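> Sequence:
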Amino acid sequence: MVLEALGLAGLENYFFELAHLVLRYFHVIAGIAWIGASFYFVWLDNNLQTPPKWKQDKGIRGDLWAIHGGGFYEVAKYQNGPEQMPSTLHWFKWEAYTTWISGILLFSLLYYVGADAYLLDTNKSSLDKASAIGVSLAIIGSGYLIYRLLCKSPLVDNGKLFALVAIGLLALYSWGLDQLFTDRAVYIHIGAIIGTCMAGNVYHVIMPSQRYMVAEVEAGRIPDSTPGLKAKLCSVHNNYATLPVIFIMLSNHFAYTYSHPYGWLILVALFVIGMWIRHFFNLKHQGVYKPQVLVSGVAAFFALMLVVAPWHVVNTQTNLASETISDQQAWQIIDKHCTECHSQTPRSQLFQTAPNGFILDSVTQAKKLSAFIHTRAIVNRDMPLGNMTKMTDDERQQLAIWLAGLPSSKDELSNNTEAGE
1 MVLEALGLAG
11 LENYFFELAH
21 LVLRYFHVIA
31 GIAWIGASFY
41 FVWLDNNLQT
51 PPKWKQDKGI
61 RGDLWAIHGG
71 GFYEVAKYQN
81 GPEQMPSTLH
91 WFKWEAYTTW
101 ISGILLFSLL
111 YYVGADAYLL
121 DTNKSSLDKA
131 SAIGVSLAII
141 GSGYLIYRLL
151 CKSPLVDNGK
161 LFALVAIGLL
171 ALYSWGLDQL
181 FTDRAVYIHI
191 GAIIGTCMAG
201 NVYHVIMPSQ
211 RYMVAEVEAG
221 RIPDSTPGLK
231 AKLCSVHNNY
241 ATLPVIFIML
251 SNHFAYTYSH
261 PYGWLILVAL
271 FVIGMWIRHF
281 FNLKHQGVYK
291 PQVLVSGVAA
301 FFALMLVVAP
311 WHVVNTQTNL
321 ASETISDQQA
331 WQIIDKHCTE
341 CHSQTPRSQL
351 FQTAPNGFIL
361 DSVTQAKKLS
371 AFIHTRAIVN
381 RDMPLGNMTK
391 MTDDERQQLA
401 IWLAGLPSSK
411 DELSNNTEAG
421 E
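The sequence shown begins at 1 in full-length UniProt numbering and counts up one residue at a time.
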């Protein structure tokens with residue numbers, strides 16, 4: 001019976017990981033398609049040239065010539081719409097819908113089904129699993145509702161002020177989430193809010209506008225330009241959000257950002273920097289070349305990374321060298337907080353196999369992975385996951401002292417590089 005139970009648990013873990021793989025793979029592919037379409041159409045619209053008079057007489061507002069894949073292409077944009085609807089009209093919507101659907105399913109799998117590991121942080125709040133999921137849904141829903149209301153307000157006509165308000169709200173949400181959930185979950189929740197706003201733009205504004213335009217042209221009427229202008233504005237909003245969203249999709253691989261004491265503020269800064277860099281390309285597409293925008297954005301990114309760097313570890317390293325912690329003392333801490341999951345036979349109910357294949361069943365194995373332990377438990381402090389085992393600052397300090405007394409090697413540094421999620 002025991003072996004049967006272990007076998008079922010192993011299969012359950014396998015199918016969980018399989019679902020994770022399928023959803024993440026599909027989410028990335030759909031995201032590439034959506035973001036690629038956003039990049040292309042904003043580039044296309046910004047590069048349209050005034051057409052010859054005979055084209056203007058046909059209602060063409062702008063056109064563009066391009067060469068790609070061994071062929072010439074001509075693209076024309078009508079002021080209102082063609083005199084007669086073409087037999088085939090290509091719509092761009094499923095890229096957005098499939099990205100959002102796969103993203104929400106992946107989000108639910110990891111942060112709701114796997115809430116104990118990825119969502120809950122007992123050091124921040126006493127929320128139980130059901131309450132935390134309810135709060136999470138309310139936060140994402142309210143974020144989208146507020147954005148929708150802002151888009152319907154007069155504020156939307158003032159781009160700079162709208163951006164400032166949006167960034168302020170983003171900062172407020174980031175700070176609030178940081179009081180409730182794991183550091184990693186904070187970033188993904190902001191990504192879920194932004195992604196929902198982007199998909200909502202397509203579903204609630206862009207697609208209705210396009211259906212209206214098609215219906216008017218088919219009826220032989222000239223469409224009102226207002227819905228089209230609103231759709232274009234939402235498309236621009238989506239375009240400026242692309243770079244920040246891409247970073248958030250990758251953020252779980254870089255714990256030094258989200259696990260920083262001011263990780264929520266770092267996220268806001270990265271959001272602003274991403275928008276600023278995107279602004280350079282949007283200006284460039286319009287023939288406005290301002291290299292200082294790109295240079296300042298890249299400089300701001302590296303300046304932020306210098307601020308994020310774990311300088312405190314360097315400053316305290318000399319002090320640690322004067323103290324000693326025995327292998328036995330260190331092993332008690334590692335066995336209590338690390339082998340719960342990172343073991344050939346994990347005691348945790350959340351994992352049937354060691355995450356990322358890192359096994360710490362002995363002091364010898366711990367020494368071989370010392371650089372990995374140092375990075376995740378001492379520098380980034382994102383392990384244990386959500387601090388489920390309640391590792392104290394004093395225990396981290398003792399572990400840091402033990403690690404400081406170990407001989408360093410290039411192999412350890414190599415292990416640390418390979419250990420990134």
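Note that these hints are calculated values from the structure, not bench results. If you're wondering where the values come from, they're calculated on a predicted model, not measured in any experiment. Accuracy of the hints is not assured; some may be wrong.
Claimed, not checked - Pairs of lysine-lysine residues, derived as BS3-like cross-links and limited to a Cα-Cα distance of at most 27 Å, are as follows:
hint	residue 1	residue 2
1	LYS93	LYS230
2	LYS232	LYS77
3	LYS390	LYS367
4	LYS390	LYS336
5	LYS124	LYS93
6	LYS93	LYS129
7	LYS232	LYS152
8	LYS284	LYS160
9	LYS336	LYS368
10	LYS232	LYS160
11	LYS152	LYS230
12	LYS336	LYS55
13	LYS55	LYS390
14	LYS367	LYS284
15	LYS230	LYS160
> Straight-line Cα separation of LYS390 and LYS367 no greater than 27 Å?
Holds: LYS390 and LYS367 sit about 23 Å apart, inside 27 Å.
> Is it true that the CA of LYS93 sits at most 27 Å from the CA of LYS129?
Answer violated: LYS93 to LYS129 is near 34 Å, above 27 Å.
> Between LYS232 and LYS160, does the CA-CA distance stay at or below 27 Å?
Within the cut-off at roughly 17 Å; holds.
> Within 27 Å, alpha carbon to alpha carbon, are LYS336 and LYS368?
holds (18 Å)
> Do the alpha carbons of LYS336 and LYS55 lie within 27 Å of each other, as the hint requires?
violated (75 Å)
> Between the alpha carbons of LYS124 and LYS93, is the straight-line distance 27 Å or under?
Violated: LYS124 and LYS93 sit about 39 Å apart, past 27 Å.
> Holds or violated: LYS55 with LYS390, Cα cutoff 27 Å?
Roughly 70 Å between the alpha carbons, so the hint for LYS55 and LYS390 is violated.
> Please work out if LYS367 and LYS284 have their alpha carbons no farther apart than 27 Å.
This hinted pair is violated, its Cα atoms lying about 52 Å apart.
> Starting from LYS93, check that the Cα of LYS230 is at most 27 Å away, please.
OK: LYS93 and LYS230 at ~16 Å, within 27 Å.
> LYS390 and LYS336: Cα distance at most 27 Å?
This hinted pair holds, its Cα atoms lying about 10 Å apart.
> Starting from LYS152, check that the Cα of LYS230 is at most 27 Å away, please.
holds (10 Å)
> Assess, step by step, whether the Cα of LYS284 is no farther than 27 Å from the Cα of LYS160, and give holds or violated.
The hint holds at about 19 Å.
When held up to the earlier numbered hints, the structure conflicts with 5, 6, 12, 13 and 14 and fits the remainder.
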